[in-house]
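Trainee: Using the sequences and the accompanying hints, generate a full structural model.
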Amino acid sequence: MAVFEKITIAKAINESLRASMEADPKVLVMGEDVGKLGGVFRVTDGLQKDFGEDRVIDTPLAESGIVGTAIGLALRGYRPVVEIQFDGFVFPAYDQIVTQLAKMHARALGKVKVPVVIRIPYAGGIGAVEHHSESPEALFAHVAGLKIVSPSNSSDAYWMLQQAIAGDDPVIYFEPKRRYHDKSRLDTESIPDPLHKARVVQNGSDLTLAAYGPMVKVCLDVAKVAAEEGKSVEVVDLRSLSPIDFDTVQSSVQKTGRLVVVHEAPVFFGSGAEIAARITERCFYQLEAPVLRVGGFHSPYPPSRLEDEYLPGLDRVLDAVDRALAY
Amino acid sequence: MTVEGTAQRKNARGSSKRTTAKKATPAKKASSAKTGTAGRPEQAEQDQLVQLLTPEGKRVEHPDYSIDLSPEELRGLYRDMVLTRQFDAEATTLQRQGELGLWASLLGQEAAQIGSGRALRDDDYVFPTYREHGVAWCRGVDPTNLLGMFRGVNHGGWDPNSNNFHLYTIVIGSQTLHATGYAMGVQKDGSDSAVIAYFGDGASSQGDVAESFTFSAVYNAPVVFFCQNNQWAISEPTEKQTRVPLYQRARGFGFPGVRVDGNDVLACLAVTKAALERARTGQGPMLIEAFTYRMGAHTTSDDPTRYRADEERAAWEAKDPIQRLRVYLQSEGLVDEAFLASIEEESVALGKRVREAVRAMPDPDHMAIFENVYADGHALVDEERAQFAAYQASFADADASAEGN
Chain G
1 MAVFEKITIA KAINESLRAS MEADPKVLVM GEDVGKLGGV FRVTDGLQKD FGEDRVIDTP
61 LAESGIVGTA IGLALRGYRP VVEIQFDGFV FPAYDQIVTQ LAKMHARALG KVKVPVVIRI
121 PYAGGIGAVE HHSESPEALF AHVAGLKIVS PSNSSDAYWM LQQAIAGDDP VIYFEPKRRY
181 HDKSRLDTES IPDPLHKARV VQNGSDLTLA AYGPMVKVCL DVAKVAAEEG KSVEVVDLRS
241 LSPIDFDTVQ SSVQKTGRLV VVHEAPVFFG SGAEIAARIT ERCFYQLEAP VLRVGGFHSP
301 YPPSRLEDEY LPGLDRVLDA VDRALAY
Chain C
328 MTVEGTAQRK NARGSSKRTT AKKATPAKKA SSAKTGTAGR PEQAEQDQLV QLLTPEGKRV
388 EHPDYSIDLS PEELRGLYRD MVLTRQFDAE ATTLQRQGEL GLWASLLGQE AAQIGSGRAL
448 RDDDYVFPTY REHGVAWCRG VDPTNLLGMF RGVNHGGWDP NSNNFHLYTI VIGSQTLHAT
508 GYAMGVQKDG SDSAVIAYFG DGASSQGDVA ESFTFSAVYN APVVFFCQNN QWAISEPTEK
568 QTRVPLYQRA RGFGFPGVRV DGNDVLACLA VTKAALERAR TGQGPMLIEA FTYRMGAHTT
628 SDDPTRYRAD EERAAWEAKD PIQRLRVYLQ SEGLVDEAFL ASIEEESVAL GKRVREAVRA
688 MPDPDHMAIF ENVYADGHAL VDEERAQFAA YQASFADADA SAEGN
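Chains G and C, in that order, are what the protein sequence lines are. Note that the working numbering numbers the first sequence so that position 98 is 98, with each residue one more than the last. Note that the working numbering numbers the second sequence so that position 91 is 418, with each residue one more than the last.
A hint or two may mislead.
As the list claims (entries may be wrong) - Under 8 Å between C-beta atoms, here's a sample of chain G residues computed to sit facing chain C:
id, residue
1, Gly65
2, Tyr78
3, Lys113
4, Asp169
5, Ser190
Keep in mind that the hints were calculated from the coordinates and are not lab data. Virtual Cβ for every residue (Gly too), placed ideally from N, Cα, C.
Mentor: Shown next as structure tokens:
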């Protein structure tokens, strides 16, 4: 129990895992290199030392095996928190996640629960090689039975993970890896928002930016620059992609009349498309402009020397803000 | 096909030359293996099927696996197999009558399933494919419960924990990882229960099966891998899946594998019991390859005449699992006509019960679509449920006025 004035997201997740494991002996951490090494990002640093190899499990290098055995452990009454080392490596486990994990509760007509949490460091901006910068969240949000969340700051990282672990549904917890070392405040005795509630993190009146994970910071920066230009931008941190708190987005858009959705994932069939459709339906008479989207292109994630062009940054989001305001 | 009909055909073949010729096959294989693996006699031995009851119904001994069952237990195995076959035949018929959308028959695999199923303790846990109707029977899952998914009223729906029998799994091989994870949990709990994962020769090619072998070996998990090699993965023969006998795969992962006569209920029981005992006592996983034959089609949608010869099936009919036990029981004087008649009677009654249960099985309520998608609820599901309910309700006025007319 403590107040951390400045704690990194990585450390907040570590503290969160620690708190969950202390609270419930059934919580397990499993994944590649999560033990002695503490994970390739050191997020699980020290956990094996404190909780033992029986609860912090270094697994064979096989993602389908990790998720598949986590399902079996959950059926036995455990609460496995699985780490997929990088976003691009989740696909060997995609079958287990989509055909097994997501459906098992429904197939059993509710008689079994599979509370597996899958942590995935995701998205780009760290100058990595191929398959280390992907944003595959829409590929999971499309699947009924899964819940998808992504924190953007240390406090949310801490609370949302514990809420995900405590819940009885499978949750994919996307960690914005380029923000791992960003510091913000964490009060471990505060009362957290509900897991799937969006939050207005910047008030404004001319336009709403909706984002999650790594793009929240970009949008806050955009709001600052826009303010200097006399434009009042509201920023909504969605926090959850399945379900999405459309009510909060709707309230914001009914006030501002304009919405731009920002994510790193490719725009085509991305979460922005779903948000645009729903908000258009809900706010048709209040919208002053079509809902615009800023995101990745319909191309493979580029080599890292090009990622600054590919990723939505200050300028590309500001451009969309200008276009929306021009209607 | 009735149980009686099948048994009669087996009787007719019991003394044929074909049966004798087939019987010579394992011995021939063993001797060639011996010459092929000079200096490794254990290899040659392993290439032989573990068998305790020959296709002719003669009791034989095996150096590593033995079994001593009471007459009552033996009669019980016979009853299990006959009733399972009857249930299976009934389900096939129900599919033909349009009561089921599909059925995956276990015909020919009764010994593998009953033998392994009866080796289990109540506290052991089973992860089946979609064809383990005989194992389900052994676990006390009501046969009619198995039919819901094939009728299309649910995707399984029984409570896996009431009989320690997980839901049927259709994606091939996925359940071997669930079994392994469950076994890891058993181990963490300090329990001496064991877990058994069923899969087939086709599944042996799946990455998940290989990963389950790796995980179970690395963690020494108390899981038994029970592979029913029924020779066919829909139209593909086992040689399209593997270049080595499947049981030998285990060695590369660091645990033992054994091939058992999958049509010999006694051998399947003995070998599975031994494997479960290994698991219970902390000796880790084991692979059992039950060498058997899928006598029927892959499912009722399949047409095996397009890819396999009648002669092959006929040769396997001579190894029928039920017939050989019946011959043995009769030759030992362990069953009489009254017993056989009582099983036949029970069989007919089971068929009737299954038929009636299926025909009376109601379609689920429309709103069931939205039930149990999540354990803790989900805003989108709630919204769609409400919208769909409103849409349904919008017909109420029309229905009412139609009735009024």
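Trainee: Hey, does the serine 190 of chain G contact hint survive, CB to chain C under 8 Å?
Mentor: 22 Å, violated
Trainee: Given tyrosine 78 of chain G was flagged as interface, is its beta-carbon under 8 Å from a beta-carbon of chain C?
Mentor: Because about 5 Å separates tyrosine 78 of chain G from the closest Cβ in chain C, which is inside the 8 Å limit, the hint holds.
Trainee: Does the interface hint hold: is aspartate 169 of chain G within less than 8 Å of chain C, judged Cβ to Cβ?
Mentor: This hint holds: aspartate 169 of chain G lies near chain C, its Cβ roughly 5 Å from the closest one there, short of 8 Å.
Trainee: Can we keep the lysine 113 of chain G interface hint, with Cβ of chain C closer than 8 Å?
Mentor: At 5 Å from the nearest chain C Cβ, lysine 113 of chain G passes the 8 Å test, so the hint holds.
Trainee: The hint names glycine 65 of chain G as touching chain C; please verify it with the least Cβ-Cβ distance against 8 Å.
Mentor: 3 Å, holds
Hint 5 from the list above is the single one not met by this structure.
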